[in-house]
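Asker: The primary structure of each chain is shown beneath.
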Amino acid sequence: MAEAAGDVVQGTLDMLILKTLALEPMHGYGIATRIEQMSRGVFKVNAGSLFVAFKRLQREGWIAGEWRESENNRRAKYYSLTVRGRKQLGEEKALWGKQSAAIARILEA
Amino acid sequence: MKRLLEGLRQLFGKERADRELDDEVREFVEAAAREKMKRGASRQKALREARLQLGGVENVKEQVRAFGWEAIVGNLWQDLKFGARMIARNPGFAAVAVIALALGIGADTAMYTIVSGSLTWKMGLDDPSRVVVVNAVDRVHGRDFFGASYPDFLDFRSQTKSLAGLAAYRMTPVNLSDSSALPDMYLCVAMSANGFAVAQQKPLIGRDFRASDEQPGAAPTLMIAYHVWRDRYALDPGIVGKTVRVDAVPRVVIGVMPLERRFPEDTDLWIPLVPTAEIEKRDNRSLLLFGRLRDGNSLSQAQAELTTLAHGLAAQYADTDKDITADVEPIMVIAGVYLMRPLFYVLFAAVGFVLLIACGDVANMLLARATVRKREMSIRVALGATRISLVRQLLVESVLLSAAGGLFGWIIAIGGLRLFDRGLGSIQKPSWLHLSLDREALFYLAAISIGTGIIFGLAPALRLSRTSPNEAIKEDGGGVSSKRGLRTSNVLVGLQMALCIMLLVAAGLLTRSAVKLYDAPIGANTRNVLTMRVTLPPAQYPKPENWIAFHDDLQKRIAAVPGVESAGVASNVPLGGWVSFPLEIEGKAEQQTIGGIVASNNYFELMQIRAARGRVFNESDGHSGPPVAIVNEAFAAKFWRGEDALGKRIRVTDSATPAQWLTIVGVVPDVLQNLRDNLRHDPLIYLTFSEQPQQRAYLLARANVPPGAIVDDVRREVQRVDPNLAVFEVRTLDQRMAESRLSVSLLGGICSVFAGIATLLAGVGLYGVIAHAVSQRNREIGVRMALGASRGDIARLVFWQASPPLIAGLAIGIVAAFGSARLLRAALVGVTSSDPAAFGGALFVLLLAAFLGCAIPARRAMRVDPMVALRHE
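Each protein sequence line maps, in turn, to chains A and B. Counting from 108, one number per residue, gives the positions in the first sequence under the working numbering. Counting from 17, one number per residue, gives the positions in the second sequence under the working numbering.
No lab work stands behind these hints, which were simulated from the structure alone. Small disclaimer: the values here were computed from a predicted structure and weren't measured. No residue lacks a Cβ here, since even glycine has one placed at the ideal position from N, Cα and C.
Computed beta-carbon distance windows for the label pairs: (1) A:Lys126 x B:Asp142: 55 to 61 Å; (2) B:Asp142 x A:Ala209: 48 to 54 Å; (3) B:Gln216 x A:Gln206: 53 to 59 Å; (4) A:Thr119 x B:Asp142: 51 to 57 Å; (5) A:Ala209 x B:Leu474: 39 to 45 Å; (6) A:Ala209 x B:Gln216: 52 to 58 Å; (7) B:Leu474 x A:Lys126: 44 to 50 Å.
To list a few chain A residues with every Cβ distance to chain B over 12 Å, as calculated: (8) Leu130; (9) Met145; (10) Arg147; (11) Arg193; (12) Glu199; (13) Ala208; (14) Ala209; (15) Leu214.
Chain A with its partners taken away, still in its complex shape (with noise of 0.2 Å):
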C-alpha cells in the first residue's frame, strides 16, 4: 500500500474533498478515511496538505465548517458542501475529464 501511494497534488485534492462532501458532511478523519476508500488506497492523504486544503476551500466558499457532535458523542468539526461549491465540483470534474482525455491521446499516440 504504502509504495503504490502517493501524496496527492494540491489541484486534485480540492477536487476530491468536494467530491466526498457531495455525498454527505464529514469530518476530518471521515474525509481522510473515505479518499483513501474510494481510491481503493493509491492516494495516501496527507495530513497536513489535508487540513491546509480544508482551510483554502472555506476560504474560497465551497464548504463549510461547523463544530457537532460526532458520533461518539465527541466535539468534530464537520464540513459540507456549499451550493457554491457544488458548483465549483461540476466544473473541476468537467476540466479534469477533459485534461485526462487528452494526457491519455497524447500517451497513445
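With chain A's structure known, arrange chain B on it following the hints.
Answerer: Coordinates of chain B only, in the frame set by chain A:
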C-alpha cells in the same frame, strides 16, 4: 472579499482560531487512534501511531497557520518588530549607518529634483514627440540657417501631406508699455495665425489668432502669457480688449494663455506674423518653422517628404533656393536645456557614486556584524527556520535602516535644495527648474530608500543565512571571519575608493577652473558700475542717426544724475562677448572677421582702462577730426607683431558702400570678454558709437555711491527721453560678472560637496572594515606581542591589512578618473582634463582619509595587552 475577512479574523482573533485548530487536529488524531484500537491495538500504541502518521500535531498546525495572506503579514510584522529591536540594541552602528544613508539618499534626491525637471521638460506642449522643427540647410556649402523663409514656409505648408499643420515664428525682445507700470522688456514671438492650433493649445480666456489677424493692415492684436497677466496686470479681469503698446505700437489684447504654456521658447507675448516686403523675400531665412506630424506619419516620413518638397523649390526658384534642403528634427532640439542633458547625466552619476559609497559602507558594516550574529542564526536554523525566512528577516532589518536613512535624507534633501537655491542667487531660473520636493520626488525618495536597503542588505543576508546549526555548538561562536567575507569587504572598499577618487578628481578640476576664472584679471575696474540694456525699436528709431541722437541725449542726462561720476554706452560689457565685424586691414590681403566693441567716447575713462600705447578716445573722435579706431594688445600682436600699431589703418566692410579707413590711435590692454578654455584673449577693435551706431546697447554709469542708490534716477531719465522704452537686466557690472562665472563655480561647488561627502563616507567605511578585521585578529595580535613583536610591527600589520583594497581601488579609480575627466572638458576653463594638480590633490586627500581610517584601529591594536587578548575569545 471573504478571504480578506477571514484573514483579518485570523490576525485579530488569533487565540480563538488557534484553539479551534488545535481541537480539530487532536480530534483527527483521536479518530485515527480509535480506528486502530478497533483493530486491536492498545490505546497508547494507537495514539502514538496515529500521531506519527499525522506527522506531529504542531507540525500540522504550523502548516495550516502558514497558509493565507495573513500569515505573510504576520511574519512581516514579526520581522519588523525583531528588526527594530536588533537595531535598537546597537545604536552606535545604527546611527552611523543611518547617517551615511541619509547623506547618500538626501543628496541623490536633491539632484533628482534639480535634474528631473530638465529631463521631463516638454516645452509646455502636451505631446512634444509629435511636433517637429523644420530648418533650411545648405549641405553643399555647409550652412545651417536655423530657420526658413516666409515664401518657402507658405509653399511647404500648402504642399505637405505628412504634417498636419506648419507654422512659422520669430522671436524678438520688445518693450511693453501701458498705464499700469513702467515699461518693461518682454520676449515676444511673432507667429503665423495657426501657431497655437499647430501646438494644440487654446487660450485660457479670450480667443486664438485668426487668419484675418495676419493680413497686412489688420488691427494689431496681442496674446499674453499667464505670468504677464498675473505679475503686470494683477489678473485684471478686463484684460481682454485692453489696448497696450508693444514697441510703441498700440495692440489689443485678445487673450491670455494658460499657466506654464509658453511655447515656443519661454515666450511672454505673441503677436501675429504679418508679412512685410522684407519677410517675403525668399532668401531671408529668419523664421523658425514648427509643425505637427499627421496621425500615422513618422518623423522620417516627414523628413523624406520635406526633402522632396525642398528639391522642388530648389528647382523652381533656382536663384534663391538652389542647394537648399530641409531638415526635420524633433522640437526638443530648440530647447536649451536639451543641450545640458549630458551635464545633468554627469551630475546624476556623481551623486549616484555618493549613494553607492554609502551603501558600501552599510554593507560592510552588516558583513562585520554578521560574524557577531552567527550564533543567533545557527540556533534559529537548528530550530527549523528556513533559509528564506532568515533572508527575509535580515532584509527587513536592512530596509528598516535604509528607510530611517531616507527619512533623514528627506531633511537633507530639503536643506540641499535650499542651499542650491541660495547659490543661484538672483539669476533668472529657467522655467523647467523646480526646487521643491514634489510628489514625484518623494516617490523617488521612497523608492531609493527601499532599493538601497535591498541592495546593501542582500549580500550580507545571503551570506549569513547560509550558517549551519553546527556553528552554535562551537564555543567561540565562529571566531575568525571567513576568508570570503573579508574578500567581499575588501572588494567593496576598493570600489568605494575608486568612486571616491573619480569624484575628487572632478571636484578638483572644477574647483581649479573656478579659481582660475575668479582670479583671471578682467582688465577694467568693474566696481560700482551700474549697467542696463536697451533695445531701440525700429518703428520709432528707424535710422542710425536716431540711435546716436538718443544715446547722446540720454548720456548727458544720466551724467547729470547726482551720484553718477560718468555715463556711457557700449555694445558689450566685459565678459559680455562682442559684435562681429568683417574687417579689412590695410596691407593684408585677406578679409578677417574680428570681434569689436562699439562704445561711447568716454568708455575707457569710465572703465578706467589706460592705453598701453597711444591714446584712448577723446571728445572729438567721431565728430570732428579723422576717423579713428583703437585695438587691443591681442589684435596688435596678431596682425602687427614687431611693428607699431599706431598709424595703421583698418576698415569695416559689411555694407555695400565702401567704408572709410580708420586710423589706429591707441592700443589698450586686453580686457576679458569671453570665458573660454584657457581664457584666451581675442583680438578686438574698439569703435566709437558714432562710427558704428548700435540699436542694442548697454548703458553704463559709474557711481561714486553704491550703484543701487542711483538705479531709480537713471531709469527715470530714460523714461524722460522715451516714455515707451523699457530697460532690462538692470545690474551692477560685478553682479553680471558673477553670473557669467556662476555656472562653472556652481558645478564645482556641487561636485566638491559630493566629493567631500564621498571622502568622508569612504574613510569611515575603510575605518569600519579595518577596525573589524583588527578586532577579529585580537588574539593573534596578543600572541604576536607576547612573542616579541613591537608596537611598530603591529601598526605595520594593520596598515598592511588595508593596502590591497586601497591600492587596487586607487589604481582603478585613477584610470577611470582620467576617462571621466574628459567628459568634463567642456566645463573646464583654463585647466586641462589631466591637470596634475587636481589629480595629485585628489590622491592626497583620499590617502589622508585612508590614513586616518587606518590610524585609529592601528592605535588600538598597538595598545592591546597581550594577557587580555589571549584570554579573550
